[in-house]
Amino acid sequence: MKNHKLLIKNGRVIDPASNRDEVLDILVENGRISKVAKDIKNETKEILDATGKIVLPGLVDMHVHLREPGREDKESVATGTRAALKGGVTSVLAMPNTQPAMDDPGHVKLLKEIIKQTAAANVFIAGAITKERLGQELTDTAKLKKEGVVAVTDDGSSVDNDDLMLRALKKARSQGVLVVCHCEDKVLAAGGVVNLGLTSTRLGLRGISKESEYRRLDRDLRLADRSGATVHIAHVSCKESVGLIAQAKKKGIKVTAETCPHYFSLSEEAVLGYDTNMKINPPLRGKEDVIAIRQGLVNGIIDVISSDHAPHTENEKDIEFERAEFGTVGLETMLAVAITYLVDSGLLDWLGLARKACLNPAKILGIDKGTLNIGKDADIVILAPDKEWTVDRQGLVSKSKNSAFLGCRLKGVVEYTLCAGKIAYKK
Amino acid sequence: MSETAWMRKDLLGLEDLSREEIELILATAESFKEVSTREIKKVPALRGKTVVNLFYEPSTRTRVSFEVAAKRLSADVINIAAQESSVRKGETLIDTGSNIEALKADIIVVRHSASGAAAMLARNVSISVVNAGDGWHEHPTQALLDIFTLKEKLGRVEGLKVSIVGDIAHSRVARSNVWGLTKLGAQVMVCAPKLLIPPEIEQMGARITYDIDEAIQDADAVNVLRMQFERDEGAAFPEKLEYFRNFGITQDRLKKAKSNILVMHPGPINRGIEISSEVADGLNSVILEQVTNGIAVRMAVLFLVARAHDEKP
Numbered sequence: 001m002k003n004h005k006l007l008i009k010n011g012r013v014i015d016p017a018s019n020r021d022e023v024l025d026i027l028v029e030n031g032r033i034s035k036v037a038k039d040i041k042n043e044t045k046e047i048l049d050a051t052g053k054i055v056l057p058g059l060v061d062m063h064v065h066l067r068e069p070g071r072e073d074k075e076s077v078a079t080g081t082r083a084a085l086k087g088g089v090t091s092v093l094a095m096p097n098t099q100p101a102m103d104d105p106g107h108v109k110l111l112k113e114i115i116k117q118t119a120a121a122n123v124f125i126a127g128a129i130t131k132e133r134l135g136q137e138l139t140d141t142a143k144l145k146k147e148g149v150v151a152v153t154d155d156g157s158s159v160d161n162d163d164l165m166l167r168a169l170k171k172a173r174s175q176g177v178l179v180v181c182h183c184e185d186k187v188l189a190a191g192g193v194v195n196l197g198l199t200s201t202r203l204g205l206r207g208i209s210k211e212s213e214y215r216r217l218d219r220d221l222r223l224a225d226r227s228g229a230t231v232h233i234a235h236v237s238c239k240e241s242v243g244l245i246a247q248a249k250k251k252g253i254k255v256t257a258e259t260c261p262h263y264f265s266l267s268e269e270a271v272l273g274y275d276t277n278m279k280i281n282p283p284l285r286g287k288e289d290v291i292a293i294r295q296g297l298v299n300g301i302i303d304v305i306s307s308d309h310a311p312h313t314e315n316e317k318d319i320e321f322e323r324a325e326f327g328t329v330g331l332e333t334m335l336a337v338a339i340t341y342l343v344d345s346g347l348l349d350w351l352g353l354a355r356k357a358c359l360n361p362a363k364i365l366g367i368d369k370g371t372l373n374i375g376k377d378a379d380i381v382i383l384a385p386d387k388e389w390t391v392d393r394q395g396l397v398s399k400s401k402n403s404a405f406l407g408c409r410l411k412g413v414v415e416y417t418l419c420a421g422k423i424a425y426k427k
Numbered sequence: 001m002s003e004t005a006w007m008r009k010d011l012l013g014l015e016d017l018s019r020e021e022i023e024l025i026l027a028t029a030e031s032f033k034e035v036s037t038r039e040i041k042k043v044p045a046l047r048g049k050t051v052v053n054l055f056y057e058p059s060t061r062t063r064v065s066f067e068v069a070a071k072r073l074s075a076d077v078i079n080i081a082a083q084e085s086s087v088r089k090g091e092t093l094i095d096t097g098s099n100i101e102a103l104k105a106d107i108i109v110v111r112h113s114a115s116g117a118a119a120m121l122a123r124n125v126s127i128s129v130v131n132a133g134d135g136w137h138e139h140p141t142q143a144l145l146d147i148f149t150l151k152e153k154l155g156r157v158e159g160l161k162v163s164i165v166g167d168i169a170h171s172r173v174a175r176s177n178v179w180g181l182t183k184l185g186a187q188v189m190v191c192a193p194k195l196l197i198p199p200e201i202e203q204m205g206a207r208i209t210y211d212i213d214e215a216i217q218d219a220d221a222v223n224v225l226r227m228q229f230e231r232d233e234g235a236a237f238p239e240k241l242e243y244f245r246n247f248g249i250t251q252d253r254l255k256k257a258k259s260n261i262l263v264m265h266p267g268p269i270n271r272g273i274e275i276s277s278e279v280a281d282g283l284n285s286v287i288l289e290q291v292t293n294g295i296a297v298r299m300a301v302l303f304l305v306a307r308a309h310d311e312k313p
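Line by line, the protein sequences are chains D and G.
Following our numbering from start to finish, the first sequence increments by one per residue and tops out at 427.
Following our numbering from start to finish, the second sequence increments by one per residue and tops out at 313.
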C-alpha cells in the first residue's frame with residue numbers, strides 16, 4: 001500500500017481538536033491525514049463524495065465489553081470491532097472482565113495477539129485493578145502498563161474495600177495510570193434489578209437505589225482526592241452523581257466522567273413490560289435523572305459518551321427478568337442515539353458531540369485519536385445526518401442482539417468508516 | 001351495564017384492564033356462581049378444552065380452585081408441579097410453555113416466583129395464559145375474587161373504603177387489589193410497618209398509613225395479608241409477636257371499626273400473627289366465602305380467555 005491516497009470531498013468536517021466546523025476536503029495518504037483544506041485537487045482516483053454529509057473523527061468508545069477471551073458466544077474481538085465500525089467507532093477500550101480477567105501481563109499479551117489477528121478497528125486494553133476482579137489483591141499495574149494497558153478498572157464490580165481502593169489509587173498515581181471507577185455499592189443495591197421507585201413497585205421487582213451508585217461515587221471521589229490519582233467515572237446514571245462530579249471538579253479533583261446513550265434517552269418506564277433488553281446496570285433511572293444527565297453533558301460535567309456495549313446471548317436474556325443478565329449492546333447505536341437525542345434536539349452541536357464521543361475519550365486515555373489534524377491516523381466517519389433508520393435484530397452485526405433500542409427510529413446513518421485510511425466499513 | 005367485549009387471550013394482571021373489563025369478569029362470575037349450587041355442578045362451556053395448571057411454586061388453594069373451576073366448566077385439567085418436572089433438568093419456562101402448546105392445550109394457568117413470568121410466557125405462546133401469581137407482581141384472580149366478595153356483600157365497590165394490611169412490599173395480592181379497587185372507584189389504604197411499604201405506591205392510587213387503628217377506623221373492609229415470615233428479607237421483617245401486637249387484627253381492635261366491617265384474607269391464615277382466631281372465625285369474617293367465590297371468578301376468567309382466543313381471526 002505504498003502511496004495510497006484517498007480524497008474525501010466536500011463534507012462538513014467537524015474537528016473539535018482544531019475547533020473546526022466547515023465544508024472542506026480531506027486528503028488521506030498512506031493511512032494518515034495529509035491535508036485538510038478547501039478544494040483539494042483530485043490527486044487520486046479514490047474519491048468519496050461527502051457532499052451533504054458530516055465528517056467526524058472516528059469515535060473513541062472507552063467502555064466496551066468485547067468478551068474475548070472466554071465468552072466468545074456473546075461477542076469476540078472480530079465481531080465487536082465490526083459492530084464498532086458500523087457505528088462509526090474506530091477505537092474501543094476493551095473492558096477487563098473477560099475470562100480470564102485482564103489481571104496478568106500474560107493475559108494481556110494473549111489478548112493483544114487476538115487483536116492483532118482479528119480486530120477490524122483499534123482496540124485498547126483496560127487491565128483489572130484486582131486479581132480476578134475479586135476486590136482482594138491488587139494486580140501489578142506497572143507490568144500491565146508495560147504490556148500496554150491504558151487504564152485499570154474492575155468494571156462490573158467496585159472495589160469494596162476502602163483501604164484497598166486507596167492503595168490502588170496511590171499506586172495508579174505513582175505509575176501514571178488512569179483508574180476507571182465502576183460505582184456500585186452491592187450491599188445498597190440489595191440484589192435489585194430495576195431502578196428503585198414506582199417502576200420497581202409496579203413490576204414487583206427488587207429495586208436498585210440511586211444511593212448504591214452515588215454513595216460509592218462519593219467514596220471514590222474522596223479517595224481520588226486523598227491519593228491525587230486521576231479517575232474516570234464509568235456509566236453515570238443519576239442526578240445525584242452528576243452533582244457530586246460537578247463539586248469534585250470544582251474542588252480540583254482529577255476526575256472525568258462518562259454516561260451512555262441509554263441514560264440520556266431512556267427512563268425507567270421503558271422496563272414496564274419486563275423487556276430484559278432494558279435490564280441494565282446501573283438501571284434506567286427516572287425522568288429527572290435523564291434530564292440531569294443531559295444537562296451534565298451540556299454543561300461539561302460529563303465529558304464522555306461511551307456505549308457500555310454489553311453483549312449477552314439470547315439464552316441469557318430470553319428468560320425471567322430477575323434471572324436475565326444486565327446490559328445492552330450499544331456500539332452500533334451510540335452515534336445515532338446521540339444525534340437523535342442530543343444534536344437533533346439542539347442540546348449539543350456537532351462539535352460538542354465530537355468532543356464527547358471522539359476527542360475527550362482519546363485525551364482521557366492518552367491515545368493519539370479522536371482528531372482530524374494533519375499527520376494523525378485517518379480514522380474518519382462519514383455520515384448522513386438526516387437519514388433515519390429503525391434498529392432491528394437482523395441489521396445488527398454484533399454477535400448478540402440485546403439492544404435496548406430495538407424498534408427505535410433513529411437519525412444518522414454511517415456511510416463510511418475509515419480506519420487508518422482504509423475503508424473499513426461501507427454501508 | 002354497557003356491552004363490553006372481552007378481547008384478551010390472556011389475563012396477566014389488573015393493571016392492564018379497564019374498569020369495564022373488570023366489571024365484565026365480575027358479571028360473568030356472578031352468572032357462574034350458581035353452577036356450584038346445582039346438584040350436578042357442571043356446565044359444558046369449556047367441554048373439549050384442556051387447561052394446564054403449571055405451578056412453579058407450591059400452592060394448594062389457588063391450584064385446587066383453578067382445577068375445580070375448570071372442571072365445573074367441563075374442561076380437562078392437567079396439573080404440573082414444576083418442581084418435579086423437567087424444569088429441574090434446566091428446561092426454560094418458554095420451552096415448557098411451547099411443549100404445553102404442542103400438546104394442544106388451550107389454557108395455561110401459571111404460578112411462578114419470578115415477577116413478569118406470566119407475561120413472558122404469554123408473549124411466547126399463542127394459547128391463553130392466566131396468571132395465578134407471579135412473584136411480587138400480580139395475582140389478578142385473587143383480587144378479582146376479593147372484589148367480587150366485597151360487591152356481593154356490600155352491594156357496590158365504588159366509594160368503599162378498603163384497607164390492605166400486611167407485607168405490601170412483597171405482595172402480589174396487594175398490588176392486584178390496589179389496581180382493581182382503584183379502577184372501580186374504591187378508596188384504598190395500605191397499612192404495614194414502614195419497611196414493608198414499597199416506594200411510591202401512592203402513585204398507584206393507594207394511601208399509606210403505619211397505624212392499624214387508622215386503617216380500620218372508617219374502613220368498609222380490611223384485607224389482611226398473610227405474613228410470610230419464611231421469606232428471606234432479613235431486616236425488613238419485624239418479630240412475629242411484635243407484628244401481632246402492632247398490626248394484628250383482633251376483636252379488640254375491631255371494636256373501633258364499623259360494626260359490619262368485612263374481614264378478608266387470601267389464606268392460608270397465620271392465626272395469632274396477622275389475625276386472631278376469634279376474628280378469623282368471627283361474624284365479620286368472609287374468608288371462606290372468598291374461597292367459594294374464587295371458583296366462580298376463575299370460571300369466568302377461564303371462560304372469557306378461551307372464548308377470546310377462539311374468536312381471534
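It cannot be assumed that every hint is accurate.
With a straight-line cut-off of 20 angstroms between C-alpha atoms, the simulated SDA-like cross-links for lysine to any residue are [as the list claims (entries may be wrong)]:
#1 D:K239 / D:G228
#2 D:K401 / G:E202
#3 D:K287 / G:Q203
#4 G:K194 / D:G197
#5 G:K71 / G:I94
#6 D:K287 / G:N124
#7 G:K151 / G:K41
#8 D:K401 / G:I94
#9 G:K194 / D:S209
#10 G:K161 / G:K258
#11 G:K194 / D:L188
#12 D:K363 / D:R32
#13 G:K194 / D:K363
#14 D:K287 / G:E200
#15 G:K194 / D:L198
#16 D:K422 / D:P100
#17 D:K287 / G:E202
#18 D:K401 / G:N124
#19 D:K239 / G:P199
#20 G:K194 / D:K239
#21 D:K239 / G:E200
#22 G:K41 / G:E57
#23 G:K194 / D:K249
#24 G:K183 / D:K250
#25 G:K258 / G:E200
#26 D:K239 / D:K250
#27 G:K194 / D:E211
#28 D:K287 / G:K258
Some chain D residues judged to face chain G by a derived CB distance under 7 angstroms, without partners named [said to hold, decoys possible]:
#29 L198
#30 T201
#31 L205
#32 E322
#33 D368
#34 W389
#35 C408
These are calculated hints, taken from the structure and not from any lab test.
Ideal Cβ placement from N, Cα and C applies to all residues, glycine included.
Hint by hint, work out which the structure violates, then give me just those numbers in ascending order. 1, 2, 5, 6, 7, 13, 16, 20, 22, 23, 24, 25, 28, 33, 34 and 35
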